[in-house]
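Numbering-wise, this note's numbering puts -5 at position 6 of the sequence shown, and it's gapless, one number per residue.
If you're looking for bench data, these hints aren't it; they were derived computationally from the structure.
Since no wrong hints were added, every one of them can be taken at face value.
The calculated label-pair distances, taken between Cβ atoms and stated as ranges, are:
| no. | residue 1 | residue 2 | range |
| --- | --- | --- | --- |
| 1 | V44 | E15 | 34 to 42 Å |
| 2 | V(-9) | Q42 | 17 to 25 Å |
| 3 | A10 | P40 | 33 to 41 Å |
| 4 | T(-8) | G14 | 26 to 34 Å |
| 5 | M(-10) | D41 | 17 to 25 Å |
| 6 | P40 | L(-5) | 16 to 24 Å |
| 7 | A37 | E2 | 17 to 25 Å |
| 8 | T(-8) | I60 | 42 to 50 Å |
| 9 | A1 | W35 | 14 to 22 Å |
| 10 | A1 | Q42 | 26 to 34 Å |
| 11 | M(-10) | S25 | 12 to 20 Å |
| 12 | M(-10) | R17 | 27 to 35 Å |
Just so you know, even glycine gets a beta-carbon here, dropped at the ideal spot from N, CA and C.
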Amino acid sequence: MVTPALYRAKAAEYAELAKTASGPGEAREYQRRERSFTALADNEQWLADHPDQTVHATGVGAANEAAPVTIGETAAAVEQ
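Let the sequences and hints guide you as you build the complete structure.
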């Protein structure tokens, strides 16, 4: 699992690259990546701080299993 600190370190790396960019387009791209990694860090931090407000998969492999649904079947019929 990636920690917020690792995302923030990557964001800082891109902030430094933006300062030494060879052109405005390159600088914008580095700034965009910095913002992206900062957002990822903020999201990971929120998840770590609020485990009671997130949905967790139950059972082994439950997050990767799909329930088969036939065409025309409603969600209510599947839940029964």
